[in-house]
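Participant: Work out the full structure, taking the sequences as your base and the hints as a guide.
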Amino acid sequence: MKLMTIAAAFAALVGLATPALAEDAKAATAESAHAPHAPAFTLKDLSGKEHSLEDFSGKTVVLEWINYGCPYVKKHYESKNMQKLQETYTGKDVVWLSIVSGKTAKGFSQADADAAGTKATAVLLDPTGETGKAYDAKTTPHMIVITGDGHIAYDGAIDSKASTDSADIPNSENYVIAALDSVLAGKEVATTKTKPYGCSVKY
Amino acid sequence: MFNRYRTTAVVLAACTCSVQAESTAEVKLLAPPSVAAGSTVEVALELTPAESLHVYYINPGEMGQAVALDWQDLPEGITTGELRFPVPHRVKTGELPTNGYEETTLFFSQLNIAPSVEPGSYTFKAKASWLACNDNQCLVGGDEVELKLEVVAKGGTASEPSTQLAEGLTLIPTDASTDWKSSVKKEGEKWLINLTPPDNWESPEELDAFSETSDFFQPGSVPSIQRTDSGLQISVEASEYSKDLSAAKIVLAGPTPPVRIPISLETQK
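Protein sequences appear in the order of chains A and B. The first sequence begins at 1 in UniProt numbering and counts up by one. The second sequence begins at 1 in UniProt numbering and counts up by one.
These are computed hints drawn from the structure, not numbers from a lab. In this text, a Cβ means the ideal position worked out from N, Cα and C, and glycines have one as well. Where hints are given, some of them may not hold.
What the hints assert, rightly or not - Okay, derived cross-link-like pairs now, DSS-like style, lysine-lysine, Cα gap no bigger than 30 Å in a straight line:
1) 125(B) with 161(A)
2) 154(B) with 195(A)
3) 161(A) with 127(B)
4) 161(A) with 28(B)
What the hints assert, rightly or not - Derived, one-sided and incomplete: chain B residues facing chain A with beta-carbon distance under 10 Å:
5) 60
6) 62
7) 93
8) 136
9) 140
10) 144
11) 214
12) 215
13) 232
14) 233
15) 239
Facilitator: Below, the structure is given as structure tokens:
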């Protein structure tokens, strides 16, 4: 008799807890369903190996448009801000792809990536700029966060201060961290789009 | 950290990062040789971008960073106003529409000399900074600039500004008088701005408009300006990021000097 009462109490507790979780997951899915679909791409990395977005289906993916010569990219690399983000989130099973679109891809080598100390999953070359254009990547950096079901959860600037000064980083709101943390927790992303800042992508 | 100041041999020695051997712009401060205590004087930062590079307007557009001037250690009794920008050109940086300057440009700052400032020679230093870009690259630039100013007694004879300074000042927008009226509404993807100038205002033939406030006009969009019964109507593509703006400042180019007009966006939010 006592066992059944405890079991019943437990079942009641579980019954109460489940609807709240279901609501969060629904919000995340509904949000995701309204978000733009992430365009497919297949690009080569610096060793010539091809990677497609669909290879990472089910995983959260970050696209980071780069040009290591751009002062805005240097702001985040010389301060090690970007590498820290790459390391933290690849450690949480996020796939982090740095993309080089347009003229910047010419002559871009592993040595460049090594010099920058990148911790990205891969650096992909988009010399025709087709993938950059598909995502409307305007600047370096320009950040895109893609959910496991292929929707764009965030599109825009890395953070809230459009400067070349790394001293601004600690006082800036980092939109990528906020988006990734929300996506990984199955929650709605508060800020889905901001104006990107950086140097122009050299299409 | 990429060094912000003019790249010279000294910097090369101190920094292992890649630097340009040439400067990205030449800068100097211009002012009348003497000013009277108890007066306001217009001082100009003269900036000449290096060949093929441009620097940016207060509202740079889709990318860029405005020219800035930071005064250092001002003597007691001397205060400064914000840097004021002449009407820019619409310049492309790569594919991105931006607002900037490719040639020698004068940016103005007011110096207010309190009546208490003793007559004598004063040296002012400031740090000028800018982002200089072309289609291929962007470079952070900066330099220290110095000004020697003679302060004469209040009521004394101060020198006139040079022709260069006087002409440069006519290109700097002045605030519209309170006789100007403005209203704005959103129609589709466009802002429709109605302006009613003062009764005696004569409109020049050619008019243009720029926004000093970022994220108001869509960068690169050329406003269409029509004459109406009450004045002027400006029709311009709205920036996709203009939702959160409560106010903006626009500049009507054509008149000399250009006119800076405040626009309230409170009713649009």
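Participant: Decide, hint by hint, whether the structure agrees.
Facilitator: Do the hints match the structure? See the list:
Restraint check for residue 125(B) and residue 161(A): the C-alpha separation of about 27 Å stays at or below 30 Å, so the hint holds. A distance of roughly 50 Å separates the Cα atoms of residue 154(B) and residue 195(A); the hinted pair therefore is violated under the 30 Å criterion. For the hint linking residue 161(A) to residue 127(B), the alpha-carbon distance of about 21 Å falls within 30 Å, and the restraint holds. A hinted pair counts as satisfied when its Cα atoms are at most 30 Å apart, and residue 161(A) with residue 28(B) qualifies at roughly 29 Å.
Because the beta carbon of residue 60(B) sits about 9 Å from the nearest beta carbon in chain A, less than 10 Å, this interface hint is met. Contact between residue 62(B) and chain A, as hinted, is supported at the beta carbon level, the nearest pair being about 7 Å apart and thus within 10 Å. With 10 Å as the threshold, the beta carbon of residue 93(B) comes within range of chain A, its nearest partner Cβ sitting at about 5 Å, so the hint holds. Look at residue 136(B): its Cβ gets to within about 7 Å of chain A, closer than 10 Å, so that hint holds up.
Annotation: interface hint on residue 140(B) holds; nearest CB of chain A at approximately 5 Å, less than 10 Å. Using the Cβ-Cβ criterion of 10 Å, the hint placing residue 144(B) at the interface with chain A is not satisfied: the shortest such distance is roughly 17 Å. A least Cβ separation of about 9 Å between residue 214(B) and chain A falls short of the 10 Å threshold, and the interface hint therefore holds. The closest approach between the C-beta of residue 215(B) and any C-beta of chain A is roughly 7 Å, which is under the 10 Å cut-off, so the hint is satisfied.
Checking residue 232(B) against chain A: minimum C-beta separation of about 29 Å lies over 10 Å; hint violated. Contact between residue 233(B) and chain A, as hinted, is not supported at the beta carbon level, the nearest pair being about 27 Å apart and thus beyond 10 Å. The criterion of a C-beta within 10 Å of any C-beta in chain A is met by residue 239(B), whose closest approach is roughly 8 Å, and the hint holds.
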